[in-house]
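Asks: Letter by letter, the chains look like this.
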Amino acid sequence: MTALLDMDRLLDDLEAGLRRKLEERGVTSPALIGIRTGGVWLADVMSKRLGLKEPWGELDISFYRDDFSRIGLNPKVKPSSLPFSTEDRDIILIDDVIMSGRTIRAAMNEIFDYGRPASIILATLVDLGARELPVQPDVTGRVLALQSHQRVKLRGPDPLHIELQETGK
Amino acid sequence: MTANDPSSSSLQLTADGQLRHFLTLDGLSRELLTEILDTADSFIEVGERSIKKVPLLRGRTVVNLFFESSTRTRSTFELAAKRLSADVLNLDINTSATSKGESLSDTLLNLEAMASDMFVVRHSQSGAPHFIAESVTPGVAIINAGDGRHAHPTQAMLDMLTIRQHKGGFEGLKVAIVGDVLHSRVARSQIRALNELGAAEVRVIAPATLLPRDVESLGCTVEYDMVRGMKGLDVVIMLRLQKERMEGALLPSEREFYRLYGLNQEKLALADPECIVMHPGPINRGVEIESAVADGPQSVILNQVTNGIAIRMAVMSMAMGGQMAERNRKLAGRAEA
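Residue numbers (the UniProt record's numbering), protein chains in the order written: chain A, 1 to 169; chain B, 1 to 337.
This is chain B alone, in the form it adopts within the complex:
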């Protein structure tokens, strides 16, 4: 099991190209990414009704399987599942580093016995959702809610939805991702999505110590100087400084980081006047971003949260639908044989 296993794309699509798991954006076409965004647009409208619920997953059981805690991600997945009329079970499982492999298998066996239809998996180890998707009973959909440093595909897609809402599309866009790219699963998924959807330029702005060695091969340009990097930007995505993931002295100090890579009004003024400011949250005010910017007119940070529910409704219903359609085709095939 590796995070970059090329079988990821075949694992998450049915023979007809429908989504059946949602593990990574790798291998997903522009058409499918656009279909996810379009479907999410329809779910946004559902969120504005007096009854914010549709019956798609009625009678299905969704298990939020969080091996690593994340209040925001878990609660938006929970709300998304409930708005799709599913029954939701939240499991927060904190594992010690040594017992991870064993407890994962054990947990799975127990949950399969509960006849669950979907697992939303968050794990500190890259590739864990992939591993579960490979071993789970056919018919059960796996959604990646963030795995290690590998991917956070629903976060990246809600960011794409937010960009499309404000910019109308991706053609010609210059987008920068600023900050701790090294520890960020979101950044990898964002770079992949932006390239597939046709952004003109994806730029990462960070100190060399917070960039992975192979960063350019992900499909982006690199800028170490934020003042230079801000010029002409249409979208700036700030990353959270992953304090809990910092191993060793990668930063001189938070104050130094903020001086060089924090987003304040002065630096934002260097970008296009219509440039939008994004942040996956939770925000470290005064570490990555100035309050005046986070709460300012160019900030779309709270739109991202609202869009997160719609995106999660989209991928959950598409994956569940793909699983059921596939099972149905197999049954029909067996009946013919």
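Bound-form chain A, shown alone:
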């Protein structure tokens, strides 16, 4: 498992994938947005690796979650912070893990409340499959097939590492 989750390699792959995708789309000055918390750490890393001058933004999707009617409001919500308008911008949306796709749906709804972006590229460090919504990353560091009792979590920010958790079920 350790070799599979080598962080430097994952980040190298994510960066290479992003560069390819930006070139393919002809995007020269993307605006980077990370989803709290893991995605924000990754936004910081990728912003440096891609040499972006503009500060990245961070989203807290608590006000857009679709499970509010089941569990109530996240008690640890923090303000979102986008230091730019999303209107007509090419956005890179980045998160640590994609599974059901619900977080990304919420994040895209939130982004549109800041303005209508020209395009969004979705990048995730790890793709665990198990999708419940038709949302797919454009770029991913690694696709992982976990057993039903396993979870992964990005820890950070310094150093970034991926933790494999056994839920015991």
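Don't read these hints as lab results, they were simulated from the structure. Bear in mind the structure is a predicted one, so any value in this text is a computation, not a measurement. Treat the hints with care, since some could be wrong.
[To be verified] Computed footprint of chain B on chain A, listed as stretches where at least three residues anywhere in the stretch have a Cβ under 8 Å from a Cβ of chain B:
hint	segment
1	64–71
2	74–80
[Stated by the list, open to error] Keeping only pairs whose Cα atoms sit at most 20 Å apart, straight-line, the calculated PhoX-like set for lysine-lysine is:
hint	chain 1	residue 1	chain 2	residue 2
3	A	Lys21	A	Lys48
4	A	Lys153	A	Lys76
5	B	Lys52	A	Lys78
6	A	Lys78	B	Lys267
Where is the CB? At the ideal position from N, CA and C, for every residue including glycine.
Since the structure of chain A is provided, determine the placement of chain B on it from the hints.
Replies: The following block gives chain B in isolation, referenced to the frame of chain A:
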């Protein structure tokens, strides 16, 4: 039904400690008060976006049930509900003193038939929101928008948010509440919140005729002389002179009150140079506060209004979320059984 019923805190929290009604600050922990303030901080950011709306209460119906008129409080509750994407119904119901009890029950029956999800209640009688929370259908959240002389918890919390924004926290703060404490529901909620959040000293400054008899037991010190009381203050909260609530001759005259307890630049200069000036509005200029102070650099009165929307969004979404989470747990429990 009494305003100080100890069951208030259990009534307004779910078994998991989530808010499900917001009736009083009594019994709410520092952690929960801080959670309300933190959540409101996030809603302030929403208010700065081009689209100032989030979908949390989409499809829910919020009824502003005002048995006592208050334009500012009602309009900030209305705006808060709309920014949470709720449908809002405003009902101003003026009742005569004799028919209050009866009309309250009748009104409730009618509103329940409209499948409302939340009542924001303002009532001249202490304990009315509590009474409604006890009798309403499970799943409906009640928010107290001011009841009699008892409590005005959203006003107190927006004041706490304003203080935290300007002072960074509550540790070591000396705060004075000046004026008509006797008739003020806000003062009671403020004293409670400031003590729970860890302010160093809460001082009330007022003539003896405008203080409740048990005032020290609320958790504050008392000062009758404003010149002495202003010294070393970090925050001064002016209360509105509740002219409409004055029964009998509690004041010699407005001019006399202003001379002794009005906030002017001279008195403000006695406080800490960084002292902020607050007022819940509407201001009686020249009765409680001098215009130069109300509009001056130390005044944060208009910040309070902006913060009022964010605080109301926070408690409305937290209470509605608590109600829905509780209903969901009950359904899950029934499915297992």
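Asks: Hint by hint, say whether it matches the structure.
Replies: We went through each hint and held it up to the structure:
1. 64–71: n = 5 at 8 Å, threshold three: holds.
2. 74–80: holds (count 6)
3. Lys21/A to Lys48/A: holds, 17 Å
4. Lys153/A to Lys76/A: holds, 18 Å
5. Lys52/B to Lys78/A: The hint holds at about 16 Å.
6. Lys78/A to Lys267/B: This hinted pair is violated, its Cα atoms lying about 39 Å apart.
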